[in-house]
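J.: So you can see what is in the structure, the chains are spelled out below.
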Amino acid sequence: MTTLIVGASAGVGRALARALATREHRLILVARSRRDLEAEAAHLRLSFGVAVKWIASDAASPQDLLQALAALPNADPPIRNLFFPLGIARADDDGLLPPADAAALLNVNLASVMAVVSTYLPAMLTAGPGNIVGFGSIAAIRGRRANVVYAAAKRGLESYFESLRHRTAESSIRVQFYRLGYVDTQQNIGKKLLLPKASPQWIADQVVRNLDRDSGLRHLPRFWGPVGALLRRLPWTIYRELDF
Amino acid sequence: MTAESARWPAGAISRRHLRSFDGGVGIECEVQCPDRYAFFEPSGTARHAIPRGAGLSYSAASFGADAVSVEIGAFDRILAFEPAVPIVEVEAGITLGALFRFLAAHRLYLPVQPGHGAISIGGCIAADVHGKNQARDGTFINQVEAIRLFHPDHGMVELSRTQNPDVFHATCGGYGLTGVIVVARLRPRPMTGDAVDITTHIVPDALEGARLLRHLARESDFVYSWHDFTRTGRGFGRGYVVAARFVTTDTASRGSSTSMKVPKLSADSPRVPPISALNRWTMPLLNFAYFQAQRRHSSPRRSTLPQSMFPVQGSESYFRLFGPAGFHEYQVILPHDGFAEFLAGVRREIARKGVAVALASAKLFVGAHDLLRFSGEGICFALNIPRNQRSAGFLTALDQMTIGLGGRPNIIKDSRLPRSMLEASFPECDRFRGIVQRWDPSRRFRSELSSRLGL
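Quick note, the sequences are listed as chains A and B, same order. Once you know that position 32 of the first sequence is 32 in our numbering, the rest is easy, because the numbers rise by one and skip nothing. Basically our numbering = 1-based index in the second sequence + 1000.
In isolation and in its complexed conformation, chain B is listed as follows (with noise of 0.2 angstroms):
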């Protein structure tokens, strides 16, 4: 074997362009699909890489102009289970739809994740991801007990909260920076019901969203919001509060999530209109439809687990429909008592920049922050526009709001994201850079998410 050959990440390299899913980035990238356990081993030379699980990272945290992507997709076992505990043990190309149907068969789940079936869960770590109710389950990193994570100078190595914590803690939530990995051990849940009663509660503004989110978070096993940030006047905003909670029914509702089919979810959709279907014309239509079809829904309504689990599939053109520019999400964590500017300051920004809102939904958080995940104390806000040329003002307006009421974006949602208000709003982005360092001082693991940001 040559040394050319011995360099990590060894093997078959195909050149693919690799976009965000927001559409915002997209590069001529080396790609390797590695199916074999030989291709984790040491090696003293490595060229830069990262890992890449779906490819769904609305950010492009999975690839770099010049990085190797390592796609995981071909680890995508379950290696163990111990239901009494529970524990299970898989790969992380695992997607969490085929998790979902194994852990359904054993009346388990995991209780946070995010709302399509497509996401792998080494990107549900390394973004620690949130679900439908951060208040009462946290973050991804809180079902995590132990991670198999490959590093071409260390090997594989074993991460936990007691075994190599720093690392442990810099994974979840790194972003692929501190290597690939390979497989977890994650602590589900058991189901208390087989189906999901869901209310709406109509509210008047998000403000009141807010309150009701506050008062809903801890009876509900799912809780966000919605509102529609087209309308002008008292309607400003308008919308419902959505909470949700298992019931029992009878085995056919079983049967939905053990046989669950998850649609394809791409950020390279081949169908795409050639220009944006959501914009200022349609988007108050689509709203008003949107609302009024809710208010029709009978509350509370069933729902499957599925449907409850994963509210975004089904809904894959809804991302096309902005066309082949993308859109931005811009998601953040305010803290309560700036709330109210907030959205006074986006509505403010929305008249003036002449921005159409597609989407405005609010979640509660709570708990300490710590590292770049996204987490801390505070009402969790996000916007979907259409990226056009008045969107680039419009979120450097927010970006400012944001800093100065003390809130934090979400990296893995905006490819857009400068790394100035990554340094105003991260205040341990230096420890986590410290962390990975330490751990990796060559610093194999790069992307554009990480060159875009400093880390």
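Next up, chain A with everything else stripped away, as it sits in the complex (with noise of 0.2 angstroms):
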């Protein structure tokens, strides 16, 4: 079977790509950097003996990446998965972001992984069995003075997950949505961080055993869920002297 993974070049994208091919997928990696792809593409064909392609295209414009997309050969065997472990963040982002870096903040955390979805959605409703799977973040369950835009769409990718449950919920896909705690990537580096880091390869590992599930919103690791539910129920007058 062949599975898209748009943002396969470092962190969890690219320890599901490892994951994926172990289990002998055929892989389309979509990231920004051609060498990075190329690198990737090599390691996995030798390493696993799968069919790899790549497409460098960045995912702060979706025209683009629909475009890149389009000139790909017809995937064969068809595109049954989908993986979104894109996202970027930004430590300017404190509500006062230009617009235009606003934009592309939206495009690549939401609008674009939307844009792809509806492009493969329709052949992959008849293709029978196959899984699209979301990645969020922890800064989406509640709103805070910094990572405004970035948990905005985060929170938007979340209802739009969430719809597309309910929307092939007659059929044979399942959609699946990770809400992410802290994950040691470039993202976390040097932060001081109140609770532990999972690696991407443990993230990759638990997504992939996953698959086929109907299960819906999770949280990786576990103990975000209450951590999650705490901070949501905590009282305004509270939460609003909290700095973090």
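Rather than coming from a laboratory, the hints here were simulated on the basis of the structure. It should be emphasised that the depicted structure is a prediction, and the values quoted were computed from it without experimental measurement. Don't take every hint at face value.
Not the full set, but computed from the structure, chain B residues with beta-carbon under 10 angstroms of chain A [as the list claims (entries may be wrong)]:
no., residue
1, I1013
2, P1034
3, A1074
4, R1077
5, F1102
6, D1197
Heads up, the beta-carbon is just placed ideally off N, CA and C, and yes, glycines get one too.
Reassemble the complex: the two chains are provided individually, in unrelated frames, and hints are given to aid placement.
T.: Right, dumping it as structure tokens:
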């Protein structure tokens, strides 16, 4: 089966590609950097013997991304799985981002995912079993003064995947959404975090193990579920004083 | 982009307490963990940096107080493979264990590799490590065809014996001081079997062990000796010489190579006893038990390739037993005609200083010496001792003997090694400095090791 991963060159995306390659998925990798994709594709072909194609495109422009995907020859066998382990956050996302920068954040974290899903979903609905897997963030649990646009985009993504799950409920497509806690990637290097980081490999293993299940939204690691519930129920008078 | 953000190495930085594997040096350092090729962009302005592989160097080669450690662990991929030649092109962060699994599936292996699969290929090149039969296979440089090296002033540069040969030779065994090794083209060798037959020869002392090493090195795939230096009287240095050869068995043995698991090995183990469990009272017992266990083994005995290639795997707790202070490894190459005198001196100093030797081991080395590499003709002899008040004086005495006998220490194995020892035993250290200075007049790369040794 063929699997498309958008955001495949590093972090959770790269770990997912390797975990799926061990299950003999044919892979189409999408990311910004040609050099990173070339290296990862070569490694997957040589180490796991799987067929790998790659497309270098920036998800900040959904149109460019769709154009690049359209240039791909028809996947054989057809694409059955879509993974979206992509996301970008900015340290200066404090509610005062210029509109163009905010739009780019929305595009990467939300609009590009919607664009790719809408492109492939019609064929997937008729092709048989498959998976659409999205990745959100604990930042979307409750809005705060940091990661303003990022959190909004990720919360929008949650809503989109909830709708998608409802839309495909009568089909053999499984829609899964993971709200990720701290992950040991570039995004969290050097930060003082309240709770431990999960490795991308661990996340990928959990996700791949859970494929083909109608699991809806899950937290990874799971302890973020109760932490998130607590955070949501915190009275505003207390929440507004938090500096995080 | 601001001028500050354009400085190399650009990106998120964390602060970590890094420690040499022998526990002798610990420094609070800045660390970067790039995972994309965009990191390797030339830059007119750069901070001091030093590449870091698995962080398992006994000396502090991959960190320093005023240098950003650039961890290359995310660059762990196999980029190209030409089985007919055979050549494999890998990123420098790939571990020996991962590459071994890949090559074993194609019935190939790297003849020169140290004893644990967690070590990175970049680290092996930067320290020009040796394996289990240097006399036949040489050091790691012998299986390196080419290197892609990053330096912020030069960008990505190809190095080989014909392209930038001086920098190639200074990079293999250059302790990361020429730049970041990003990619290496390596020349593996066909495996002549899928298991290993190990023969153990009991020897009365280390001198007899050395004689046997010279005899067995030509006909063995691996050969080394182990000796008990905790005994007194006639039993001092008794031990055995291990000689191993590849043998062909069945496909089941092959499976153990392609599925080999590499245990974690770290310089910062969280589970260390509060005091050293290896001391003057426990070590004679442990050495005695180890010697008897080896003697009881049938000889020859069959072993899997992973067990033979990576004998340290499964013995990670040995290093933890030294406790929080750590240990010293003293490894030197001694001329054949000075080995007996060296052994006598070691015995004298053990008695004088009351030092307990946890491990004594020897290998045969042949070939010429070059730059700062641990190479040359003679007997490579190693001692492990606990790091304590007595150990410093003991090692200083050994330094004097080594210099006097024309020996040479292993820079990567000793975080204590003084600059005077380097100057006295590496006649080509100024040539090394000259090559690095011409390649990198701004000297962008530095570490605790380079500062201590004046490199």
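J.: Please go over all the hints and tell whether each is borne out by the structure.
T.: So, going through the hints one by one against the coordinates:
no.: 1; hint: I1013; result: holds (5 angstroms)
no.: 2; hint: P1034; result: holds (8 angstroms)
no.: 3; hint: A1074; result: holds (7 angstroms)
no.: 4; hint: R1077; result: holds (4 angstroms)
no.: 5; hint: F1102; result: holds (6 angstroms)
no.: 6; hint: D1197; result: violated (30 angstroms)
Hint violations for this structure: number 6 only, all remaining hints satisfied.
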